[in-house]
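Top line first, the protein sequences correspond to chains A and B.
The opening residue of the first sequence carries number 1 in our numbering; numbering runs sequentially from there.
The opening residue of the second sequence carries number 1 in our numbering; numbering runs sequentially from there.
It is possible that part of the hints are untrue.
[Said to hold, decoys possible] Pair by pair, the computed Cβ-Cβ distance ranges are:
| hint | chain 1 | residue 1 | chain 2 | residue 2 | range |
| --- | --- | --- | --- | --- | --- |
| 1 | B | E108 | A | E88 | 48 to 58 Å |
| 2 | A | D26 | B | G14 | 48 to 58 Å |
| 3 | B | E108 | A | P142 | 23 to 33 Å |
| 4 | A | Q247 | B | G14 | 27 to 37 Å |
| 5 | A | W39 | B | R135 | 52 to 62 Å |
| 6 | A | D203 | B | Q18 | 17 to 27 Å |
| 7 | B | S130 | A | D270 | 37 to 47 Å |
| 8 | A | P142 | B | R170 | 47 to 57 Å |
| 9 | B | E97 | A | E276 | 50 to 60 Å |
| 10 | A | G295 | B | G14 | 33 to 43 Å |
| 11 | A | P143 | B | D158 | 23 to 33 Å |
| 12 | A | D203 | B | H192 | 26 to 36 Å |
| 13 | B | H192 | A | G75 | 54 to 64 Å |
[Unchecked claim] Partial list, derived from the structure: chain A residues whose beta carbon lies under 8 Å from chain B:
| hint | residue |
| --- | --- |
| 14 | S70 |
| 15 | S71 |
| 16 | V73 |
| 17 | N117 |
| 18 | H121 |
| 19 | D125 |
| 20 | S144 |
| 21 | V147 |
| 22 | V151 |
| 23 | S154 |
| 24 | E155 |
| 25 | S233 |
| 26 | G234 |
| 27 | Q237 |
| 28 | G238 |
| 29 | Q241 |
No lab work stands behind these hints, which were simulated from the structure alone.
Glycine included, C-beta positions come from ideal geometry on N, C-alpha and C.
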Amino acid sequence: MKVVSVPGSLDQQTVDGFFDEVSRLDAERTLFDARHVRWVDPNGMVALLVAGAVAGRGSEERPRLEPPESSDVTGYLARMGFFEQAQEVFEVSRRSGRRPSAGGSDVLLEITRIAANADVHSVVDRVQRGAGEILSSRLGYPPSAVVQFSVILSEVCQNILEHSESEGWVAAQAYNWARRLGRYVVVISVMDMGRGFRGSLGDQHSARYGDRWADATALEAAFLHGLTRFPDSGRGQGIQQMRRQVQRWNGSISVRSGTARIAQVPSWDDSPPMVEQLAPFPGAQIGIVLPAKEG
Amino acid sequence: MTDLPVDPIAIDVGQVLQHTETSLYAQLVTRPTGRAVRMAIETRLHGAGPRSLSLIDFSEVAILDFSCADEVVAKLIQRYLEPDPHEAFFVFRGVHEPHRDQVEYVLERQGLLAVAETSPDTFELLGDRSGEEERAWLDLERLRYVPAPEPGAAAVPDAPEPGWLDALVRRRVAFRSPVSGRVHALSHLVQHLL
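Take the sequences, apply the hints, and build the full model.
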């Protein structure tokens with residue numbers, strides 16, 4: 001059995017390296033050793049599910065997951081609904097405790113599987129009911145922000161269904177980024193295991209790019225120019241609108257697909273706008289960070 | 001015969017949403033939902049005769065995403081701009097702050113224009129428009145209607161140029177009576193439905 005050591009801190013900063021390692025796995029059964037995880041954010045949780053799903057492809061046995069030893073971390077994972085989703089992906093070594101209520105916490109959206117349009121409606125309904133208070137109290141956003149927040153989530157989840165032709169997960173949580181930013185942020189993570197941007201756009205657009213057609217050019221085409229595989233001019237607006245709204249809130253948005261990651265980077269973030277030559281990994285992985293208003 | 005051979009109808013999008021196949025859902029999100037709502041509206045217009053004027057009311061819709069705005073606003077307008085025996089005009093109600101961005105964006109992206117109630121009793125022209133079109137539409141709004149030009153008759157003071165009125169009619173944001181030739185502001189034709 002192959003063993004993948006899950007990074008001690010599994011978040012936006014470390015998921016690319018984690019995916020790179022998973023992409024190198026062969027058909028042998030895998031053990032995801034998460035015992036030493038001390039910190040995980042929505043990107044890390046969703047990444048772990050996606051990594052497990054990818055590792056289990058083509059295998060009769062599900063990969064094994066050794067959950068974190070830290071009770072704080074397992075408690076948080078349980079609160080986010082991680083273990084319910086993990087049951088479908090992993091053989092989980094130890095039973096986790098009962099899922100505590102997320103009520104009163106900073107959970108905007110527990111981990112939710114996106115496999116059909118009904119799931120998108122469910123996400124929007126839940127966010128609509130509960131996110132307003134957190135967006136207002138933690139980020140200082142106006143009450144109406146919950147509408148734009150719901151619209152972003154709707155568009156980003158539809159992206160999974162319409163472009164990846166696969167399934168995925170979404171999660172969102174508010175955190176105090178005291179050291180990194182000195183403010184609260186909301187982190188949204190949406191990932192799928194589908195055909196990625198290059199695969200989605202290839203039939204319609206690869207010819208005009210010739211030899212330059214690659215994951216990075218496909219990401220630029222969709223992220224910067226709104227290209228879509230649909231001939232309908234009303235399509236392809238989802239990512240453009242997410243970018244626009246995230247920019248209004250001075251947030252960051254990044255998308256990894258295949259071997260590249262593209263990002264819209266605000267002044268407080270030092271991430272590069274484009275990273276290439278990552279290990280090939282299926283699907284698309286979108287991360288959004290919305291910071292609290294200053295002052 | 002009346003000068004207005006249309007009987008404006010009000011279509012409550014919130015109610016349409018509840019009566020479509022997607023009736024389990026309370027929000028106007030996802031493209032299939034938007035498409036189902038648009039098709040339900042088109043079905044209602046199908047029996048409306050050669051021309052119709054509809055007040056499409058979003059007041060009871062809490063969330064409208066871009067995919068649904070594209071289906072229920074942009075594609076609805078586009079559908080009736082095509083050569084068709086049915087001449088349809090629309091006024092969109094309840095396009096308040098939470099929905100405005102989505103509606104304005106899809107109209108601009110598709111090069112379309114629409115009359116919308118953007119706050120109570122305030123109508124605006126939204127979408128892809130020139131300064132001349134905007135001014136002509138504002139003048140028409142203020143005048144409520146502009147009579148057809150008659151040889152020898154004095155021009156209506158501050159009335160829009162006939163060429164710009166033609167443009168507004170062509171883009172379906174003003175209604176020309178086939179009886180009198182008057183050009184009417186759409187917002188005034190639906191006042192009794194508000």
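Hints versus structure:
Under the hint 48 to 58 Å, the C-beta atoms of E108 (chain B) and E88 (chain A), about 42 Å apart, miss the expected range. At about 54 Å, the CB distance of D26 (chain A) to G14 (chain B) agrees with the hint of 48 to 58 Å. Taken as a hint, the range 23 to 33 Å holds for the pair E108 (chain B) and P142 (chain A), whose Cβ atoms sit roughly 24 Å apart. A C-beta distance of roughly 31 Å is found between Q247 (chain A) and G14 (chain B), which places it inside the suggested range of 27 to 37 Å.
Here the CB-CB span from W39 (chain A) to R135 (chain B) is close to 59 Å, well matched to the stated 52 to 62 Å. One distance hint, 17 to 27 Å for the beta-carbon pair D203 (chain A) and Q18 (chain B), is violated here, with the actual separation near 38 Å. Distance hint check: the CB atoms of S130 (chain B) and D270 (chain A) are about 43 Å apart, consistent with the given range 37 to 47 Å. Under the hint 47 to 57 Å, the C-beta atoms of P142 (chain A) and R170 (chain B), about 39 Å apart, miss the expected range.
For E97 (chain B) and E276 (chain A), the hinted distance range of 50 to 60 Å is not satisfied, since their beta carbons lie about 40 Å from each other. The hinted window of 33 to 43 Å between G295 (chain A) and G14 (chain B) holds, with their beta carbons roughly 38 Å apart. Between P143 (chain A) and D158 (chain B) the Cβ separation comes to about 41 Å, which falls outside the hinted range of 23 to 33 Å. D203 (chain A) and H192 (chain B) have their C-beta atoms about 51 Å apart, which leaves the hinted 26 to 36 Å range violated.
For H192 (chain B) paired with G75 (chain A), a C-beta distance near 60 Å keeps the hint of 54 to 64 Å intact. Proximity of S70 (chain A) to chain B is violated relative to the hint, the smallest CB-CB distance being about 37 Å (cut-off 8 Å). Because the closest C-beta pair between S71 (chain A) and chain B is about 37 Å apart, greater than 8 Å, the hint is violated. Given the 8 Å rule on beta carbons, the hint for V73 (chain A) is violated: about 33 Å separates it from the nearest Cβ of chain B.
Checking N117 (chain A) against chain B: minimum C-beta separation of about 5 Å stays under 8 Å; hint holds. Taking 8 Å as the C-beta cut-off, the interface hint given for H121 (chain A) holds, the closest approach to chain B being about 4 Å. Because the closest C-beta pair between D125 (chain A) and chain B is about 6 Å apart, less than 8 Å, the hint holds. Hint on S144 (chain A) holds. Least Cβ distance to chain B is approximately 6 Å, under the 8 Å limit.
The restraint placing V147 (chain A) at the interface with chain B holds, with a minimum CB-CB distance near 4 Å, inside the 8 Å limit. With 8 Å as the threshold, the beta carbon of V151 (chain A) comes within range of chain B, its nearest partner Cβ sitting at about 5 Å, so the hint holds. The beta carbon of S154 (chain A) is positioned within 8 Å of a beta carbon in chain B (closest approach about 4 Å), and the interface hint is therefore held. A hinted interface residue such as E155 (chain A) counts as satisfied when its beta carbon comes closer than 8 Å to some beta carbon of chain B; here the least separation is about 6 Å, so the hint holds.
At its closest, the beta carbon of S233 (chain A) sits 6 Å from a beta carbon of chain B; the interface hint therefore holds under the 8 Å criterion. With its C-beta approaching chain B no nearer than about 4 Å, G234 (chain A) sits inside the 8 Å limit, and its interface hint holds. The beta carbon of Q237 (chain A) comes within 5 Å of a beta carbon in chain B, closer than 8 Å, and the hint placing it at the interface holds. Interface hint status for G238 (chain A): upheld, as the beta-carbon distance to the closest one in chain B is roughly 6 Å, under 8 Å.
Nearest Cβ of chain B to the Cβ of Q241 (chain A): about 5 Å, under the 8 Å cut. The hint holds.
Of the numbered hints stated above, those contradicted by the structure are hints 1, 6, 8, 9, 11, 12, 14, 15, 16, listed in ascending order.
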